[in-house]
Amino acid sequence: MDFELSEEQQAIRDSVLKLCTRFDDAYWLEKDRHGGFPVEFHAAIAQAGWLGIAMPEAYGGAGLGITEAAILLEAVAESGAGMSGASAIHMNIFGLQPVVVFGTAEQKARMLPPLIAGAEKACFAVTEPNIGLNTTALMTRAEKHGDRYVVNGEKIWISTAQVADKMLLLARTTPRADVKRKTDGLTLFYTSFRRGEGVEVREIEKLGRKAVDSNMLFINGLEIPEADRIGAEGDGFKSILHGMNPERILIAAEAVGIGRAALRKAAAYAKERVVFDRPIGQNQGIAHPLARCWMDVEAAYLMVLRAADAYDRGKECGVEANSAKYLAAEAAFHACETAVMTLGGMGYAKEYHVERYLRESLIPRIAPISPHMIMNFIAERVLGLPKSY
Amino acid sequence: MKIVVTVKLVPDPNAEKKIDAGSKRLVRTGIETVLNPYDEYAIEGALKIKESLGGDTTVTIFSMAPAASKEVLRKALAMGADDAVLLTDPALEGSDVRGTAYAMAQGIKQTGFDLVICGGLADDGSTGGVPGALAEYLGVPGFTNCRQVEVAGGTLKVQRETDSGYQVVSGPLPALVSVTMAIGEPRYASLKGIMGAKKKSIATLALAALSVDGAVGGDGAKTEVRAVAAPPVREKARVVEAPDGAAGARAIFDLLKEKKLV
Ligand SMILES: Cc1cc2nc3c(=O)[nH]c(=O)nc-3n(C[C@H](O)[C@H](O)[C@H](O)COP(=O)(O)OP(=O)(O)OC[C@H]3O[C@@H](n4cnc5c(N)ncnc54)[C@H](O)[C@@H]3O)c2cc1C
Ligand SMILES: Cc1cc2nc3c(=O)[nH]c(=O)nc-3n(C[C@H](O)[C@H](O)[C@H](O)COP(=O)(O)OP(=O)(O)OC[C@H]3O[C@@H](n4cnc5c(N)ncnc54)[C@H](O)[C@@H]3O)c2cc1C
Numbered sequence: 323m324d325f326e327l328s329e330e331q332q333a334i335r336d337s338v339l340k341l342c343t344r345f346d347d348a349y350w351l352e353k354d355r356h357g358g359f360p361v362e363f364h365a366a367i368a369q370a371g372w373l374g375i376a377m378p379e380a381y382g383g384a385g386l387g388i389t390e391a392a393i394l395l396e397a398v399a400e401s402g403a404g405m406s407g408a409s410a411i412h413m414n415i416f417g418l419q420p421v422v423v424f425g426t427a428e429q430k431a432r433m434l435p436p437l438i439a440g441a442e443k444a445c446f447a448v449t450e451p452n453i454g455l456n457t458t459a460l461m462t463r464a465e466k467h468g469d470r471y472v473v474n475g476e477k478i479w480i481s482t483a484q485v486a487d488k489m490l491l492l493a494r495t496t497p498r499a500d501v502k503r504k505t506d507g508l509t510l511f512y513t514s515f516r517r518g519e520g521v522e523v524r525e526i527e528k529l530g531r532k533a534v535d536s537n538m539l540f541i542n543g544l545e546i547p548e549a550d551r552i553g554a555e556g557d558g559f560k561s562i563l564h565g566m567n568p569e570r571i572l573i574a575a576e577a578v579g580i581g582r583a584a585l586r587k588a589a590a591y592a593k594e595r596v597v598f599d600r601p602i603g604q605n606q607g608i609a610h611p612l613a614r615c616w617m618d619v620e621a622a623y624l625m626v627l628r629a630a631d632a633y634d635r636g637k638e639c640g641v642e643a644n645s646a647k648y649l650a651a652e653a654a655f656h657a658c659e660t661a662v663m664t665l666g667g668m669g670y671a672k673e674y675h676v677e678r679y680l681r682e683s684l685i686p687r688i689a690p691i692s693p694h695m696i697m698n699f700i701a702e703r704v705l706g707l708p709k710s711y
Numbered sequence: 040m041k042i043v044v045t046v047k048l049v050p051d052p053n054a055e056k057k058i059d060a061g062s063k064r065l066v067r068t069g070i071e072t073v074l075n076p077y078d079e080y081a082i083e084g085a086l087k088i089k090e091s092l093g094g095d096t097t098v099t100i101f102s103m104a105p106a107a108s109k110e111v112l113r114k115a116l117a118m119g120a121d122d123a124v125l126l127t128d129p130a131l132e133g134s135d136v137r138g139t140a141y142a143m144a145q146g147i148k149q150t151g152f153d154l155v156i157c158g159g160l161a162d163d164g165s166t167g168g169v170p171g172a173l174a175e176y177l178g179v180p181g182f183t184n185c186r187q188v189e190v191a192g193g194t195l196k197v198q199r200e201t202d203s204g205y206q207v208v209s210g211p212l213p214a215l216v217s218v219t220m221a222i223g224e225p226r227y228a229s230l231k232g233i234m235g236a237k238k239k240s241i242a243t244l245a246l247a248a249l250s251v252d253g254a255v256g257g258d259g260a261k262t263e264v265r266a267v268a269a270p271p272v273r274e275k276a277r278v279v280e281a282p283d284g285a286a287g288a289r290a291i292f293d294l295l296k297e298k299k300l301v
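So the sequence lines, in the order shown, correspond to chains A and B. Its first residue numbered 323, the first sequence is counted upward by one per residue in this note's numbering. Its first residue numbered 40, the second sequence is counted upward by one per residue in this note's numbering.
Hints were generated in silico from the structure; no laboratory data involved. Check the hints yourself; a few may be wrong.
Claimed, not checked - Capping the alpha-carbon separation at 25 angstroms, the derived lysine-lysine pairs in DSS-like fashion look like this: (1) K466/A with K593/A; (2) K340/A with K41/B; (3) K340/A with K237/B; (4) K430/A with K87/B; (5) K340/A with K109/B; (6) K237/B with K593/A; (7) K239/B with K340/A; (8) K238/B with K87/B; (9) K340/A with K196/B.
Stated by the list, open to error - Calculated Cβ distances over 10 angstroms to all of chain A for the following chain B residues: (10) E110; (11) G151; (12) K231; (13) V251.
What the hints assert, rightly or not - Chain B is nowhere near these chain A residues, computed Cβ spacing over 10 angstroms in every case: (14) D336; (15) S337; (16) W372; (17) R628.
By construction, the Cβ of each residue, glycine as well, lies at the ideal position given by its N, Cα and C atoms.
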């Protein structure tokens, strides 16, 4: 058992934090106010090679694990970039794992290098408006016509679809009525798309993370060449399952980062702000909640690293990955809330940044899976309780 | 061309520091060791020259430090240096500027060099004395406080920062330069750099391998730290309240007059 980061992992953390100093609080505040994808940040991360951290070396990646990717994304969020920074690169770092695992050699050579180089951006289109968390019930249809599929349906919340060149899309190829198991008959595609050509992309106004768009997708006759199908027809659910645990681990790491950022700001303010002739942080009513939040965030990070380590060793990690995502998201949210309360009135001012963190900290709570579903999962899988839904 | 960059390993500049009352030395235990921040600029300067010359130009990091800090040098390799040499020997402990520069010179002669690049100042010792002494012991011209360094056709052309501007100076190689922060922001290590650094070598040199005559370390020190004191605490600022600008200006003027500054 070794709880230390290796030299190399520490170097990754240091170097990412250093790169992020070029994108300071003022940069992210401006992005939060006026929106606009953080292109400069995405480019800097791509240029330094970070997008390929967990991608195979043969395609221009570094061949490292989800642990290193988690360290990277945690550092990005911790730098003050929060979810605005993390979400701008998140999908491009591990989202294409299904292509790595199930793609053909031709597909990998075609799809991975441009993503790693930052020349292309990808979005991940799974969630639908009418089915929610019940993913296998999704209704977007892909019908085969010769050597292409024609897709019709609706997707919701699809992040970065305003700037992405590529889409990882899950659609039903065989109607649910014609398959034995509900997980059958879904197929995964990784394909180019252009806004306005078979896909209408409409941005959703939302609470936070204005710089990284989330959208409604109206897919109407989008044509996808058969060469862009990942894995066998009907095996799509199996393919995306492969990327789910890593995605939870990464989003958990991002939550830890935002929690740390909030606590850093809060502690600094509590040391400096003098009221009633003493720093407010001298009052235990201010200090103790911050201390408790610190413990919660750091304990969650241990679960994140534990889950990542298990994944990298090729072990089953569903319980740890889900627990990490739950613990980190809740801890981060409470850390951000406590930070706002620590700053008092200033906590509510944009200029002090913690209200932005608070708004962004709700994202890892809600997505990609809700806390309720994680508790359902733990109750059923770990505690052996009857399934409730 | 072979460039050697001298890099001191120093306690984290952001950490709170204590001086041991007995030895009058900085207490280093419990503080992370990092690359001397000024030396990161020296590395940046060296990498820029390497990029401009291309070909078989190499950058070697040279440090004199305790053996335990060896791995810290990997950070310099991750930035893009080719290899590193650590001069380490218990007998070097307690070296003063002269001893440090002398021992380093013997080590650097053994390593071989066309150009030595130093930082301007060590964050801990802060004498700024090593580069000049090192040039002397190496027997090469020394160019200090350079904001720009160019190598072309075996000659060196530098811009030396002065109080009022800069001087353009040139000279032959081999030579030594020390650089200022104007040389350019140190690059951060890329992922490829970090991965590549794993495979680069960090050689260690002990005194026995060098031709060193005379004492080094504490015994050879010609200077002695007599006393260490914290800088005087600044007086609390006086706040002057004034009803308007003119009265404020008057109050400031009176104060300056009282201090005999006008
Ligand atoms: C900012 C943001 C970005 C996103 N980006 C993407 C993206 O890029 N790609 C993508 O595909 N999706 C994305 N999503 C979607 C996200 O994954 C979903 O919002 C999330 O999975 C929840 O689904 P839903 O909104 O349909 O909730 P619903 O399924 O409608 O659930 C609503 C609530 O009911 C609860 N609930 C439902 N069933 C049960 C039950 N059986 N027991 C207990 N509670 C239950 C849920 O926990 C939840 O709180 C994003 C969402 C957000 C907010
Ligand atoms: C008040 C005081 C306290 C001291 N305490 C200690 C102590 O606790 N421990 C201790 O070991 N020494 C200590 N020293 C001793 C020592 O004299 C200097 O640290 C050493 O001689 C180098 O001088 P400098 O640090 O001032 O370097 P500077 O002359 O300021 O350094 C300029 C440049 O020279 C190069 N350089 C300097 N030293 C090295 C090195 N070792 N390896 C590679 N490159 C180098 C770097 O490029 C650096 O940027 C102390 C000195 C003083 C004045």
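Run through the hints listed earlier and report the numbers of any the structure violates, in increasing order.
1, 2, 4, 6, 9, 10, 12, 14, 15, 16
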